[in-house]
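Trainee: Given the structure of chain Y, go ahead and fit chain P onto it with the hints provided.
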Amino acid sequence: MPLITDAHLEAPDDFYEALIAAHDGLDEARSHALNARLVLLLANHIGSLDVLREALAAARSGAPEADAP
Amino acid sequence: MPAPQDEADFQARTFAYVPHADQRAPAPVRRPVVVVGAGPVGLALAIDLAQRGIPVTVLDNDDRLSTGSRAICFAKRTLEIFDRLGCGERMVAKGVSWNVGKVFLRDDLVYRFDLLPETGHERPAFVNLQQYYVEGYLAERAAQLPLVDLRWRNEVVATEPHGDHVALTIRTPDGDYRLEAGHVVACDGSRSAVRRQLGLESKGRSFRDRFLIADVRMAVDAPAERWFWFDPAFHPNQSVLLHRQPDGVWRIDFQLGWDADPEQEKQPERIIPRVKALLAHSPAMKDAAFTLEWASVYTFSCMRMAHFRHGRVLFAGDAAHGVSPFGARGANSGVQDADNLGWKLAAVVRGHAPEALLDTYAREREAAADENIRHSTRATDFITPKSAASRLFRDAVLTLAKSHPFARTLVNSGRLSTPTTLHGSPLNTPDTAPFAGTLVPGAAAADARVTRADGREAWLLRQLGGGFTALVGHDPAIEAALKDVGVDGFALDVLAIAPAPAGAALVDRDGDVARRYDLQPGSVVLLRPDAHVCARWRRPTRAQVEAALRRALAVPQEAAPCP
Numbered sequence: 001m002p003l004i005t006d007a008h009l010e011a012p013d014d015f016y017e018a019l020i021a022a023h024d025g026l027d028e029a030r031s032h033a034l035n036a037r038l039v040l041l042l043a044n045h046i047g048s049l050d051v052l053r054e055a056l057a058a059a060r061s062g063a064p065e066a067d068a069p
Numbered sequence: 001m002p003a004p005q006d007e008a009d010f011q012a013r014t015f016a017y018v019p020h021a022d023q024r025a026p027a028p029v030r031r032p033v034v035v036v037g038a039g040p041v042g043l044a045l046a047i048d049l050a051q052r053g054i055p056v057t058v059l060d061n062d063d064r065l066s067t068g069s070r071a072i073c074f075a076k077r078t079l080e081i082f083d084r085l086g087c088g089e090r091m092v093a094k095g096v097s098w099n100v101g102k103v104f105l106r107d108d109l110v111y112r113f114d115l116l117p118e119t120g121h122e123r124p125a126f127v128n129l130q131q132y133y134v135e136g137y138l139a140e141r142a143a144q145l146p147l148v149d150l151r152w153r154n155e156v157v158a159t160e161p162h163g164d165h166v167a168l169t170i171r172t173p174d175g176d177y178r179l180e181a182g183h184v185v186a187c188d189g190s191r192s193a194v195r196r197q198l199g200l201e202s203k204g205r206s207f208r209d210r211f212l213i214a215d216v217r218m219a220v221d222a223p224a225e226r227w228f229w230f231d232p233a234f235h236p237n238q239s240v241l242l243h244r245q246p247d248g249v250w251r252i253d254f255q256l257g258w259d260a261d262p263e264q265e266k267q268p269e270r271i272i273p274r275v276k277a278l279l280a281h282s283p284a285m286k287d288a289a290f291t292l293e294w295a296s297v298y299t300f301s302c303m304r305m306a307h308f309r310h311g312r313v314l315f316a317g318d319a320a321h322g323v324s325p326f327g328a329r330g331a332n333s334g335v336q337d338a339d340n341l342g343w344k345l346a347a348v349v350r351g352h353a354p355e356a357l358l359d360t361y362a363r364e365r366e367a368a369a370d371e372n373i374r375h376s377t378r379a380t381d382f383i384t385p386k387s388a389a390s391r392l393f394r395d396a397v398l399t400l401a402k403s404h405p406f407a408r409t410l411v412n413s414g415r416l417s418t419p420t421t422l423h424g425s426p427l428n429t430p431d432t433a434p435f436a437g438t439l440v441p442g443a444a445a446a447d448a449r450v451t452r453a454d455g456r457e458a459w460l461l462r463q464l465g466g467g468f469t470a471l472v473g474h475d476p477a478i479e480a481a482l483k484d485v486g487v488d489g490f491a492l493d494v495l496a497i498a499p500a501p502a503g504a505a506l507v508d509r510d511g512d513v514a515r516r517y518d519l520q521p522g523s524v525v526l527l528r529p530d531a532h533v534c535a536r537w538r539r540p541t542r543a544q545v546e547a548a549l550r551r552a553l554a555v556p557q558e559a560a561p562c563p
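Chains Y and P, in that order, are what the protein sequence lines are. Note that my numbering numbers the first sequence so that position 38 is 38, with each residue one more than the last. Note that my numbering numbers the second sequence so that position 257 is 257, with each residue one more than the last.
No lab work stands behind these hints, which were simulated from the structure alone. Bear in mind that the values here come from a model prediction, so they are computed numbers and not experimental data. Virtual Cβ for every residue (Gly too), placed ideally from N, Cα, C. Any given hint could turn out to be false.
[Stated by the list, open to error] Pulled a few chain Y residues facing chain P out of the computed Cβ check, cut under 8 Å:
| hint | residue |
| --- | --- |
| 1 | 5 |
| 2 | 12 |
| 3 | 32 |
| 4 | 37 |
| 5 | 40 |
| 6 | 55 |
[Said to hold, decoys possible] If you want a taste of the chain Y side facing chain P, the calculated C-beta under 10 Å gives, among others:
| hint | residue |
| --- | --- |
| 7 | 35 |
| 8 | 45 |
| 9 | 64 |
[To be verified] Chain Y residues, not near chain P, derived (Cβ > 10 Å throughout):
| hint | residue |
| --- | --- |
| 10 | 8 |
| 11 | 14 |
| 12 | 16 |
| 13 | 24 |
| 14 | 26 |
| 15 | 27 |
| 16 | 36 |
| 17 | 39 |
| 18 | 57 |
This is chain Y alone, in the form it adopts within the complex (with noise of 0.2 Å):
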């Protein structure tokens, strides 16, 4: 199955207001290493390492510096 990047989530606003929720009264790093555990937890859950390819590469084309040869 490929990564899905049509509408999937159940709660759009409600999940966006918990993911901000979640970093409150983080400093910086602390936020970077949230974020970092996040990636792991919802890595594992999709499992496929074709869609988590896929999501990377689609991340990494979101990236500025990435449109550098």
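Mentor: Same frame as chain Y, but now just chain P:
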């Protein structure tokens, strides 16, 4: 072989330089095989060749064993190879056997692994044994074999390839002499002189980190396990690895970082406080008295030569490839190189196989080196993160590992050496029927408990001879079809295996053979002389088995006689 009563000064032994008649010969003498380097790889190869009836000359530039524990961890597969070479039992009897590893983050256990969680194997996942014992035991085994001509203090100073031989110039305490070799195998380590003399390189990636190794003698009672700490309180921001060795000696590897001064860090006044800090963290160890046996500061690279065969010169072990120490893939992969090359070189020297068989040594072991380098590089990147993001994810994995099982699979303190499966080897005959399990063509044979027809308990791998073996799920018709099968120079050994006593068959007393090999009545698994699977069938014909034997010897099929 009786072990010497006193091995207290084993490491300090030296081997006598004995002048050889070849040094006084009027013209260079021709020797079929010359092995350069009497370390674990060169000695294993020499013993294997001699056991196969090939005279072998071994040249070593020194007259002593290695210093310090060095390779230390010898894997199950290596021990099984040493069994075949006639010295495995002594290694295991002397070594400290272990199967369990523990990983700590700061002071907390985050992950425990068992490398051999099942029964039915003669050998443990690993023994820890100082490299000088391994070299010494191999040297003593080699000395029992009249076909091994081991020349200490014989340094190769020039290597010149020719069409039908390689000319070597050798320096001894009595001056230089020349020798001609049918084949040369360079097992002369990471700074291989033969490699340099041929203008060849081993290329790869160096890591900007330094590690202190200390061998410490102390009376401490702790389990025989591999303990690895990330960021322990007693050595903050770095990693530490602890192994127990024989003779009450412990091996500790302290990560120091790139900025450490290697000369200063080797001084006892710098090492002793580090060891004391480690001991102080543990109630069982905190008051232990210790003495420092040996210490070294090392850096490492992951590299390999582009090709392991250059005509009549072959490269094996560290001369051909290098890895980081995490995973014990250096000496163990080198012994696998020797195991892979021994039977092939013997067959080529005897004229039973074409030179093309030696290309398969290079191809199979180059792929194995790539696998070892990949594992070793990944472990190194986990232990020594190279970027802020890498460090962030490493710490995230370690933090999650304590309470989330999935994260433990990501913790990488070294993926420990297992035999390389030779996927895609041209010597493999592809499957024509489905089989369950991991013993695909190319895999190293798995052990199992068996009962022999005489009623004695035994191990499957001990029943293999030095040639090709067919494991047959007991079936009289198939066994009759395979009677006296052979190709030039190789008679096939047929080992019938049955679930219950049946004639001469081995009894699969725990069902492990049937389970591990998916061996059913009439199934045949063909093993090479190095005990790798090279073909398997449900009910093969004699012609199929003969074709697989020729294929495993790199004999062109069209050149084979009609069946």
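Trainee: Could you run down the list of hints and mark each one as holding or not?
Mentor: Evaluation of the provided hints:
no., hint, verdict
1, 5, "23 Å, violated"
2, 12, "26 Å, violated"
3, 32, "6 Å, holds"
4, 37, "5 Å, holds"
5, 40, "6 Å, holds"
6, 55, "15 Å, violated"
7, 35, "8 Å, holds"
8, 45, "9 Å, holds"
9, 64, "16 Å, violated"
10, 8, "22 Å, holds"
11, 14, "24 Å, holds"
12, 16, "22 Å, holds"
13, 24, "19 Å, holds"
14, 26, "14 Å, holds"
15, 27, "14 Å, holds"
16, 36, "4 Å, violated"
17, 39, "8 Å, violated"
18, 57, "16 Å, holds"
Going through the hint list in order, the structure does not satisfy hints 1, 2, 6, 9, 16 and 17.
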